[in-house]
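A.B. asks: Sequence:
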Amino acid sequence: MYQLTLSTGVNPKPSSVIGADFNKDNQQDIFNTGYFGKPTLYSASPGSSPQGFAVGDFNNDNRLDLVVANNGNQNLGIFFGKGNRTFFEQILYTPSNSFLPVSVATSDFNNDDMSDVVTVDNANHVVYVLLSLCNGSFTVSTAYDTLFNTWPTSISIVYLNNDSELDIVVGQLFGAEILVFLGLGNGTYSVSKVSPNSDQGGPNFAIIADLDNDNCSDVVAAKGGVHVIEIMYGMCDG
Numbered sequence: 000m001y002q003l004t005l006s007t008g009v010n011p012k013p014s015s016v017i018g019a020d021f022n023k024d025n026q027q028d029i030f031n032t033g034y035f036g037k038p039t040l041y042s043a044s045p046g047s048s049p050q051g052f053a054v055g056d057f058n059n060d061n062r063l064d065l066v067v068a069n070n071g072n073q074n075l076g077i078f079f080g081k082g083n084r085t086f087f088e089q090i091l092y093t094p095s096n097s098f099l100p101v102s103v104a105t106s107d108f109n110n111d112d113m114s115d116v117v118t119v120d121n122a123n124h125v126v127y128v129l130l131s132l133c134n135g136s137f138t139v140s141t142a143y144d145t146l147f148n149t150w151p152t153s154i155s156i157v158y159l160n161n162d163s164e165l166d167i168v169v170g171q172l173f174g175a176e177i178l179v180f181l182g183l184g185n186g187t188y189s190v191s192k193v194s195p196n197s198d199q200g201g202p203n204f205a206i207i208a209d210l211d212n213d214n215c216s217d218v219v220a221a222k223g224g225v226h227v228i229e230i231m232y233g234m235c236d237g
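Following numbering that gives the first Met the number 0, the numbering of the sequence shown begins with 0 at its first residue and continues without gaps.
Worth flagging that the hints you see were computed from the coordinates, not collected in a lab.
The structure presented is a predicted model; accordingly, all values stated were derived computationally and were not measured.
Glycine residues also receive a C-beta, built at the ideal position from the N, C-alpha and C atoms.
It is possible that part of the hints are untrue.
What the hints assert, rightly or not - Pair ranges (Cβ atoms, derived): (1) Ala19 - Ser189: 37 to 43 Å; (2) Ile230 - Lys81: 39 to 45 Å; (3) Val190 - Asn110: 15 to 21 Å; (4) Leu132 - Glu88: 19 to 25 Å; (5) Asn185 - Phe30: 26 to 32 Å; (6) Ile228 - Asn161: 22 to 28 Å.
To be verified - Under the rule of at most 25 Å between Cα atoms (straight-line distance), these lysine to any residue pairs were calculated in the SDA-like manner: (7) Lys81 - Asp60; (8) Lys23 - Leu132; (9) Lys23 - Phe79; (10) Lys23 - Asp60; (11) Lys81 - Phe30; (12) Lys81 - Asn22; (13) Lys23 - Phe86; (14) Lys81 - Arg62; (15) Lys23 - Asp107; (16) Lys81 - His124; (17) Lys81 - Asn134; (18) Lys81 - Ala19; (19) Lys23 - Met113; (20) Lys81 - Ser15.
Start from the sequences, fold in the hints, and give me the full structure.
C.D. replies: Structure (structure tokens):
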């Protein structure tokens, strides 16, 4: 295995990384975020405390854009790409009052070939599905309750029930369950809950993969409070 180590500078504490072709040269580039005093290249504004980010084309110009969960400033920041590895200053979007986003993901949730956004809100304990209007703005499709004081923390986008519609899996810091939102193909979801094998601690982070080669998506849940990882094997029915 070939390994390449890249420096992120002095004490940046990188916490999240994604790969995409930002300058359209058919080569994968890397974008990283972490705990910074002031961003070096793109200001997310003082006190923004960016927690997570995702890539999509939000204004239909065939250039990759960034959406950042600004937990400290209680908003989402949209950085529109110029197609040359650089971005315009962020435009702020807030779907609700007392909004505390900690995770964000993008995909096409209503089959209109546009990048939509899903984010989790710790202040209101909800999951927001934001549908793109093709011009860089969004409309709130639905806000889904995750129950009080469960603190949703992570989002995964996946096909869980083999119906060709994207589903959403949400991990919670204090809830004893992983939340599963089954896509209906129009930007709305039906909600179900998948309980981990153990009743100790919340699944604060969850990822999806086919672990047993049965063409069904499985869930791997990290439970930091009790220092365990739990695996839930999918039945292909959501």
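A.B. asks: Each hint should be assessed against the structure and marked as holding or not.
C.D. replies: Status of each hint after checking the structure:
About 31 Å separates the C-beta atoms of Ala19 and Ser189, a value inconsistent with the hinted range of 37 to 43 Å. As the Cβ distance of Ile230 to Lys81 is approximately 42 Å, the hint placing it in 39 to 45 Å holds. Remark: the range hint 15 to 21 Å for Val190 to Asn110 is upheld by a beta-carbon distance near 20 Å. At about 20 Å, the CB distance of Leu132 to Glu88 agrees with the hint of 19 to 25 Å.
Restraint check, Asn185 to Phe30: a C-beta distance of roughly 31 Å satisfies the suggested window 26 to 32 Å. Taken as a hint, the range 22 to 28 Å holds for the pair Ile228 and Asn161, whose Cβ atoms sit roughly 25 Å apart. Taking the CA atoms of Lys81 and Asp60, the gap is about 9 Å. The hint holds against a cut of 25 Å. Between Lys23 and Leu132 the CA atoms are separated by roughly 24 Å; this keeps the pair inside 25 Å, and the hint holds.
For the hint pairing Lys23 with Phe79, the CA-to-CA distance comes to about 15 Å; that is within 25 Å, so the pair holds. Distance restraint check for Lys23 and Asp60: the Cα-Cα separation of roughly 13 Å lies within the 25 Å cut-off, and the hinted pair is therefore satisfied. Restraint check for Lys81 and Phe30: satisfied, since their Cα atoms lie roughly 15 Å apart, inside the 25 Å limit. Annotation: proposed proximity of Lys81 to Asn22 holds, straight-line Cα distance about 8 Å (limit 25 Å).
For the proposed pair Lys23 and Phe86, the alpha carbon gap of about 14 Å is at most 25 Å, so the pair holds. With a CA separation close to 7 Å, the supplied pair Lys81 and Arg62 stays within the 25 Å bound. Between Lys23 and Asp107 the alpha-carbon distance is near 21 Å, which keeps this suggested pair within the 25 Å criterion. In summary, the hint linking Lys81 to His124 is not supported, as the alpha carbons are separated by about 34 Å, beyond the 25 Å threshold.
Our distance criterion of 25 Å between C-alpha atoms is met by Lys81 and Asn134, whose separation comes to about 15 Å. Taking the CA atoms of Lys81 and Ala19, the gap is about 14 Å. The hint holds against a cut of 25 Å. The hinted pair formed by Lys23 and Met113 meets the criterion: a straight-line CA distance of about 18 Å does not exceed 25 Å. At most 25 Å may separate the alpha-carbon atoms for a hinted pair to count; Lys81 and Ser15 meet this at roughly 22 Å.
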